[in-house]
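Student: If you want the building blocks of each chain, they are given just below.
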Amino acid sequence: MAEPLRHKPTFLRRATGTRELRRQPLFTGLSWVVLLLLYAPIVILIVFSFNDNRSVVRWTEFSLRWYAAALDNGDIRHAAVISIQVAATATVISTMIATMAALATTRGGGFFGRSAAIALINQPLMIPEIVTAIATLAFFSMLRQLTGLSGLGWLILAHTVFCIPFAFMPVRARLADMSETFETAAADLYATPWQAFRHVTLPLLMPGILAGAMLAFVVSLDDVIITLLVAGPGETTLPIYILGQIRRGVTPEVNAVSTVLIVLTVAMVAMTFLLQRNRK
Amino acid sequence: MIDVRHVTKKFGEGATAVMALEDVSLIIPEGSFFTLLGPSGCGKTTLLRLIAGFELPSEGEIRLDGDSIGHLPPHKRPVNTVFQNYALFPHMSVARNIGFGLEMLKRPKTEIAATIEEMLDLVQLGAFAARRVDQLSGGQQQRVALARALAPRPKVLLLDEPLSALDLKLRKGMQSELKRLQAETGITFVFVTHDQSEALAMSDQIAVMSAGAVQQVGTPEDIYTAPQSRFVADFIGDTNIVTGELLGYDGPMAQIRFGEGRSLSVKTASATLVPGPVHVALRPETITICDAASDAALLIGTVRDATYFGAGSQMSIRLEDGTEIQAQVDRPSPAGTLVGLNCDSAMLQVLAD
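Just so you know, the protein sequences line up as chains E and C, in that order. The first sequence lines up with residues 1 to 280 when you count with the UniProt record's numbering. The second sequence lines up with residues 1 to 353 when you count with the UniProt record's numbering.
The following block holds chain E by itself, in its conformation from the complex (with noise of 0.2 Å):
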């Protein structure tokens, strides 16, 4: 009987092994206590942020008082002014940067270290994020030293920096996707390298620069240990505001902050996912 079952074709042959991975024991219960200990936090971190009471274990009414009192609280104001200062730029320059770096190394041709010249742009991404952050902590003293300038200015190299491998990953993935004929065609009708670069590759590579830039928005609005050592005095981001309230227990006004920043985040990520589906 096992004979004909050989022959069957792929698609079906595919779909018994689903099947059969389904029926292993302990799959389905395995994959609901993995998904639950995952999500199950956040859900009661964002239930309680509209719990009208000050505990965060014990539930009474529904109240939105922490999200008035988080607005209501000039701490918590000007750490998200500096958060999305720092994000908003950081993106925008490191978007840029990628973007070069993603064109030059698929349509540069093949030049001299190339492929070294991936792997350092990737290379951030595998380094521990605490060894970079000491690294620039001792770097930018020195450099502020040298130079005897202040400002948040630091702060945002140092998120730059650590954005554009993230930034860089979509932008090269669509343009490595992307037929080259596009731009042959365009210079055969009279388009500059510049024109071509304007009117064709730019717009169809757009899907993959906002992915990337949402991906490096979300990464630098994220970053504690860069920021905790880098950051100077009054440039305090939302998460290190979070983290330096949780030390004196954590209260509903954290919840409602923190939901805010999960709904930002995962409204980033979804629109990335969606823009780079379409269009494909």
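Calculated from the structure, these hints are not laboratory results. Heads up, the beta-carbon is just placed ideally off N, CA and C, and yes, glycines get one too. One or more hints might be untrue.
Claimed, not checked - Straight line, CA to CA, 20 Å or less: simulated SDA-like cross-link-like pairs of lysine to any residue:
{"hint": "1", "chain 1": "C", "residue 1": "LYS267", "chain 2": "C", "residue 2": "TYR308"}
{"hint": "2", "chain 1": "C", "residue 1": "LYS76", "chain 2": "C", "residue 2": "LEU56"}
{"hint": "3", "chain 1": "C", "residue 1": "LYS10", "chain 2": "E", "residue 2": "GLY110"}
{"hint": "4", "chain 1": "C", "residue 1": "LYS169", "chain 2": "C", "residue 2": "LEU136"}
{"hint": "5", "chain 1": "C", "residue 1": "LYS106", "chain 2": "E", "residue 2": "ARG198"}
{"hint": "6", "chain 1": "C", "residue 1": "LYS76", "chain 2": "E", "residue 2": "THR192"}
{"hint": "7", "chain 1": "C", "residue 1": "LYS10", "chain 2": "E", "residue 2": "GLY109"}
{"hint": "8", "chain 1": "C", "residue 1": "LYS155", "chain 2": "E", "residue 2": "THR184"}
{"hint": "9", "chain 1": "C", "residue 1": "LYS109", "chain 2": "C", "residue 2": "ARG153"}
{"hint": "10", "chain 1": "C", "residue 1": "LYS106", "chain 2": "E", "residue 2": "PHE197"}
{"hint": "11", "chain 1": "C", "residue 1": "LYS76", "chain 2": "E", "residue 2": "THR184"}
{"hint": "12", "chain 1": "C", "residue 1": "LYS76", "chain 2": "C", "residue 2": "LYS155"}
{"hint": "13", "chain 1": "C", "residue 1": "LYS76", "chain 2": "E", "residue 2": "ARG198"}
{"hint": "14", "chain 1": "C", "residue 1": "LYS155", "chain 2": "C", "residue 2": "LYS267"}
{"hint": "15", "chain 1": "C", "residue 1": "LYS155", "chain 2": "C", "residue 2": "ALA226"}
What the hints assert, rightly or not - Pulled a few chain C residues facing chain E out of the computed Cβ check, cut under 8 Å:
{"hint": "16", "residue": "GLY70"}
{"hint": "17", "residue": "PRO74"}
{"hint": "18", "residue": "HIS75"}
{"hint": "19", "residue": "ASN80"}
{"hint": "20", "residue": "PHE89"}
{"hint": "21", "residue": "PHE100"}
{"hint": "22", "residue": "LEU105"}
{"hint": "23", "residue": "PRO108"}
{"hint": "24", "residue": "THR110"}
Let chain E serve as the given structure and place chain C on it in line with the hints.
Tutor: Chain C in isolation, oriented as in the chain E frame:
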């Protein structure tokens, strides 16, 4: 007029270098429908890309109406291309695709709009101006690609196997459509294909290419009735190549004899062959069957089988020397019969190799 002079194109360097074109010289007359025909890897697409400017020649020169263009970038050449996969810009409407060339040339908006209108009419896509290109069928995309390449009124239109992605019926329709467009616009068309029947049907002139070299240039009739080499004879149509004995030359004609038969005066591709065995091209449709014992029989063979194809039958015959040949006849003889083959000697051609 395009004048290709001693063009060589090498890809790569040193020992791994691939010779795509080797010392190719060719004249493409102005206003003609010129086809580069050959099997894949023969260099026809490379030659097209050299004319377009997507590749630069390793050696040699390309002139367009006397100006050397071989080293100009593509956007500085008055030449447009219809790509094999069309390469329509997916983020633009049909109209903007067609107007793209003129837009890049910074022509006035009114002129661009008028040209788009005219081109849409020319390719009969008037109702589709605002569509996105991914909402069009393959045949419609093909027409947009044509309109886009014709809109800037190039001196030369290059077509890289543009019909290969279409199904047979659409392909036949587009063949006559392309002929019509060429006649209406008067633009020189350089058409690349590996399909010999397409080439014969559409071209004013054909250059048959193989292994990076031009084998023969001529009208479809020249190429079909007077192939110069075994390669051309073999590539164009189902030609029989039989061995005859060259006795000598009589002016421009070669004196040929098959077996012990009489001597025939036959066209020849070369006037410098040494007497002895030579290859002779013999088209299946020029063969008539006669009695094996009759004086008319040039060749004698045994019928192997016959295939009915509607307008007639294709008979497969094995000659005495073992060569298998095809003959198109009205009424096939039964398998196993010994038959004589006759042919108007004007339809024979001695090949150069």
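Student: Given the proposed pairing of C/LYS76 with E/THR192, does the C-alpha separation stay at or below 20 Å?
Tutor: 9 Å, holds
Student: Given C/PRO108 was flagged as interface, is its beta-carbon under 8 Å from a beta-carbon of chain E?
Tutor: 15 Å, violated
Student: For a C-alpha distance cap of 20 Å, please report whether C/LYS76 and E/THR184 respect it.
Tutor: 13 Å, holds
Student: Has the given pair, C/LYS106 with E/ARG198, been kept, meaning a C-alpha gap of at most 20 Å?
Tutor: 15 Å, holds
Student: Mind checking the CB of C/GLY70 against every CB in chain E and telling me if the closest is under 8 Å?
Tutor: Status violated, d = 16 Å.
Student: May I ask you to test the interface hint for C/PHE100 with respect to chain E, counting a Cβ-Cβ separation under 8 Å as satisfied?
Tutor: 5 Å, holds
Student: Does C/THR110 pass the interface hint, meaning its C-beta sits closer than 8 Å to a C-beta of chain E?
Tutor: 19 Å, violated
Student: Straight-line Cα separation of C/LYS109 and C/ARG153 no greater than 20 Å?
Tutor: 16 Å, holds
Student: Does C/HIS75 pass the interface hint, meaning its C-beta sits closer than 8 Å to a C-beta of chain E?
Tutor: It holds, given that the least Cβ distance between C/HIS75 and chain E is near 5 Å, below 8 Å.
Student: Take the C-alpha atoms of C/LYS106 and E/PHE197, compute the straight-line distance between them, and say whether it is at most 20 Å.
Tutor: 16 Å, holds
Student: Holds or violated: C/LYS155 with C/LYS267, Cα cutoff 20 Å?
Tutor: Violated - the C-alpha atoms of C/LYS267 and C/LYS155 are around 38 Å apart, more than 20 Å.
Student: Taking only the CA atoms, is the gap from C/LYS76 to E/ARG198 under or equal to 20 Å?
Tutor: Between C/LYS76 and E/ARG198 the Cα gap is close to 18 Å, so the pair holds against 20 Å.
Hint compliance for this structure: hints 1, 14, 15, 16, 23 and 24 are not met, and every other hint is.
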